[in-house]
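*Asks:* Taken in order, these protein sequences are the chains called S and Z. When the letters of the first sequence are read in order and numbered with the working numbering, they come out as residues 4 to 573. When the letters of the second sequence are read in order and numbered with the working numbering, they come out as residues 4 to 573.
Honestly, I wouldn't trust all of these hints.
Heads up, the list lumps identical chains together, so a pair's fine if it works in one copy or across two of them.
Unchecked claim - Below, simulated SDA-like cross-link-like pairs (lysine to any residue); rule was C-alpha separation at most 20 Å, straight line:
no.	residue 1	residue 2
1	Lys545	Gly200
2	Lys15	Ser31
3	Lys410	Phe398
4	Lys15	Pro30
5	Lys247	Arg237
6	Lys452	Ser417
7	Lys306	Arg44
8	Lys410	Asp364
Think of the hints as simulated: they come from the structure by calculation, not from any bench. Quantities reported herein were computed from a predicted structural model and do not represent experimental measurements.
There are 2 protein chains.
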Amino acid sequence: MLSDIEISRQTKSSPISEIANKLGIEPSELSLFGDTKAKIRLSVLDRLQGNLEGKLVIVTAVTPTPFGEGKTVTSIGLTQGLNAIGKRATACIRQPSMGPVFGIKGGAAGGGYAQVVPMEELNLHLTGDIHAVSSAHNLATAAIDACLFHESRLSREEYIAQSGSEPLNIDPKQILWRRVVDHNERSLRNISVGIGGNNGPVHDSGFDITAASELMAILALSRDLQDMRRRIGRLILALDTQGKPITAEDVGVAGAMTVIMRDAIEPTLMQTLTGDPCLIHAGPFANIAHGNSSIIADRIALKLSDFVVTEAGFGSDMGFEKFCNIKVRESGRAPDAAVVVVTLKALKANSGQESAKDINDQDMPRLQSGFANLKWHIDNVSQYGVPVVVAINRFPTDTQEELQWLKGAVAETSAFGCEISDAFCEGASGAEALARAVVSATEQASEFKFLYPLDVSLEAKLMTIAEAGYGAKGIALTPEARQQLNQIKAMGLDGLGICVAKTPLSICHDPKVKGIPTDFELPITQFKINAGAGFITALVGKVMTMPGLSVRPGYRNIDINQQDEIVGLA
Amino acid sequence: MLSDIEISRQTKSSPISEIANKLGIEPSELSLFGDTKAKIRLSVLDRLQGNLEGKLVIVTAVTPTPFGEGKTVTSIGLTQGLNAIGKRATACIRQPSMGPVFGIKGGAAGGGYAQVVPMEELNLHLTGDIHAVSSAHNLATAAIDACLFHESRLSREEYIAQSGSEPLNIDPKQILWRRVVDHNERSLRNISVGIGGNNGPVHDSGFDITAASELMAILALSRDLQDMRRRIGRLILALDTQGKPITAEDVGVAGAMTVIMRDAIEPTLMQTLTGDPCLIHAGPFANIAHGNSSIIADRIALKLSDFVVTEAGFGSDMGFEKFCNIKVRESGRAPDAAVVVVTLKALKANSGQESAKDINDQDMPRLQSGFANLKWHIDNVSQYGVPVVVAINRFPTDTQEELQWLKGAVAETSAFGCEISDAFCEGASGAEALARAVVSATEQASEFKFLYPLDVSLEAKLMTIAEAGYGAKGIALTPEARQQLNQIKAMGLDGLGICVAKTPLSICHDPKVKGIPTDFELPITQFKINAGAGFITALVGKVMTMPGLSVRPGYRNIDINQQDEIVGLA
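One chain only, chain S, in its complex shape (with noise of 0.2 Å):
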């Protein structure tokens, strides 16, 4: 089989004018950028307020394994196979990080047969929404730094003389903001800065992935410009020295931030190997923010379709409880149905089980044991009151019995069905069967249930995440996050939703227990404020923002060919 940017590069699109006309979006609606990408203007959303809205479907899957489960593959090509079958789909993803494209992960396009093309523009600037994301989150820096050091050179009447207005009294030890860069740069987790004459005072700062910016959550989150610049005012970027929070607004730097993500709130339009439309915008990571794309990108692709198929990071206990969550609560758009992605490979590999076996033999006994992670998923999707179809991502290794296996112990479950999916090796064809399974599923009667109110104290929905979400017997607190939890409340946001920042490669704190954890408290460690997206992030142990480079990374291989093409980008 050919390689994922070969198979890219061999496949004839469409001009991405022609997809977003076929998707019925006007031209006076669509900034080209160039014939592959182009941006949505928001007018469009005022043009068709009257339109229906076609089913929302998110693809979820089990426990993630480092063989990667598939579930951009399975999005992608669920959404080949939907159009394939005479409905009209659009796939709604995230944008990748270029970090993890240098780094060892690779690109997020999909793969095989089903992709989003081309794919070294959706893995490398696409349309600079990620720049953009960056640049506003260190303007926000660099003015709280600014004030900082003006403050603590200047007199407060000096201050107010030249500044025209009230200093801040920031607490140089309790600036929260921290600084963002798209890259693995393990070196720039915890720095110093100010070093040197007349650039400080002196004092602790750090890099995160900029996937991991409260931004990020933000472009994800807003319903339209106005709503972003107002929870970019809300950001809180340091504590005063009355341990006050001073937000973005307070340094007067709300307005500018806002006015470079200005292009970034509109969606980029591209396509799949088959020509299906693609809406690519926002990247928050599932670990440390909510895991899934834009609110603007699936209401433009509801408004326009018969069915939105959209990814939630990691396993169903991270980006999907956080698209019901967080990103419904904001929304107000349930998904009509959830996919399940799962591979043999992945049910191994949660069985905790080892086994003289290859993970690509045959393994009756583990693939037995490690179903019930499985069947852990598709009842926790099941509690939202949203109908489950497994997909069963499709391996060349994968013997008969094992798939029949399999699909015999789904059909005991509470899942309304479960399909084959041959996307990655046939494309659309291969997904016509997952595709019909998902449309009979949006058909069923369903109602969505929230799994907390809003209206309890932010312990109460903690609790209820750690015990409904994950099966725990309840929460316990550092007395550090215990203190932060005070402060939080102290500040009138007890009223917020939650965000929890845990492993995603177990359904408890704890990476190395597989399988279904039972008998446990969930740790949390801290507590972090996202006031201006809209929740509480709640810290298990300790969550990586900022990601490093392997010892053979994957720039190496990264190159430029005599005829000018990309190569070695996978």
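Given chain S, put chain Z in place with the hints provided.
*Replies:* Here is chain Z on its own, set in the frame of chain S:
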């Protein structure tokens, strides 16, 4: 009179595809970025290989003052004026840095009725080239720091086994490659990185503004993508423990950096207020780098226009000198005429005289004293064999007596002509007289001369710039600079050109010395190897490579209004 952004917004401009068509670019050679911007594919150069080239006009100025001389206004106005008198003229200018846009300087789109439109597109992300430079630059830093990290934790044998390559033996005290961000970020000038367990080793680093990146100079000097790839491979990132240079090629990151900058190599087409083509490409600083827009943009524009107007940063001792001795040497294309921009205010300020009168008031003694600075710049340009036209950028407060005297004084110099430019208030018609004078100047027989040959020692080249370029008696090297010079010679780089990094605010090294400095030695404090760009930078005292935000920064005025329009961008 309306503000710049009001004028920009009230002007009905043509779709950029029409501007491209008028210029002679085929649709297949264009990547649209919305309706107002487009990138031009380099394949246009192959198609136009046989075309004759137009005339190249370079716009420079007297020694800059805080009042602003209006060099971009004059460049854009002259382009408008040339088109108004029936010549096909294209402007080639640098992409403005976003840092100063949110800092104090404001944008760089020209002003009044001589602007590139839409000014907010030019001043913000444009088509993402600066972001691409930042990203490629910082990937190299991430790569070198990752190597350092893995080399420090692994034995040589482990490193080879895991990475598949030999360790580089990076000296952590000799990492020459810093980081960049496109913001005014004082607190990032000197930082300490790698802090905290398993992120290290801890070492010094710091950020420059992206315009100061060597990659920006490379972008401006490359002839095509393969040339850029070779230059990036030559970049020296660090020294090893034996003092030997470690290049981007050695680190294996040069290909990926080129891939990140693959689209950035295409110039961006915009238009003036009167619909004349304008190519925006690259933005190297004129203090630390060579301060001129790209060779590629000039090449394309020359093939398609009768006249190409381009601008060099700061006074003629800075950007113009580097245009001639660095850019022309790489492009092989000498200018046919130069415009020296002057204002009455600039001459008064350059007189160095104190006066009780307001700078806007008529003040013949101060004007006459300051004239020496203009005469110096005329003579400086003339020594390159390039005909000079003086453009007096008129302000409403200028008196007839002052203007008449100045025109008379210029007539006594070696300048070919002198005209008043009213482009700011009048647009194209205000620059027609200037345009006619420039056309005549380019019809003169002229013979371009470099200031120095490349095949003499770096010291001899530097001596010539100091003496013939600034009027110094000679140069004085600090012991550190002397040692670096020996090191550079030992690396076999003695044949490169010289880029002097000095203050633009005086012809000499001391910004306080106005008029024509005499009887001084040029003190060289440091050398910086720019092996990728292809020159050695000689630093004269401290040169700022990272601006700071003032106590009353520009970002405070910038916002979106209720109609989603940008306000406050100057």
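*Asks:* All the hints need checking, so say for each whether the structure fits it.
*Replies:* Tested hints:
Within a single copy, Lys545 and Gly200 get their C-alpha atoms only as close as 35 Å, which misses the 20 Å cut-off; across copies the closest is 13 Å, which meets it. Taking the shortest alpha-carbon separations for Lys15 and Ser31, only the inter-copy value of 16 Å comes in at or below 20 Å, while the best intra-copy value is 26 Å. With identical chains, the CA atoms of Lys410 and Phe398 are at most 20 Å apart within one copy only, with a shortest distance of 15 Å there and 81 Å across copies. Only between protomers do Lys15 and Pro30 lie at most 20 Å apart by alpha-carbon distance; the minimum there is 19 Å, versus 22 Å within a single protomer.
Only within a single protomer do Lys247 and Arg237 lie at most 20 Å apart by alpha-carbon distance; the minimum there is 13 Å, versus 51 Å between protomers. For the identical chains of this complex, Lys452 and Ser417 are intra-copy neighbours only, at 16 Å inside a copy versus 84 Å across copies, given an alpha-carbon limit of 20 Å. When the C-alpha separation of Lys306 and Arg44 is checked against a cutoff of 20 Å, the pair qualifies only within one copy, where the shortest distance is 14 Å, while the shortest distance between copies is 36 Å. In this homomeric assembly, Lys410 and Asp364 come within 20 Å of each other (Cα to Cα) only inside a single copy, at 18 Å, whereas the closest approach across copies is 89 Å.
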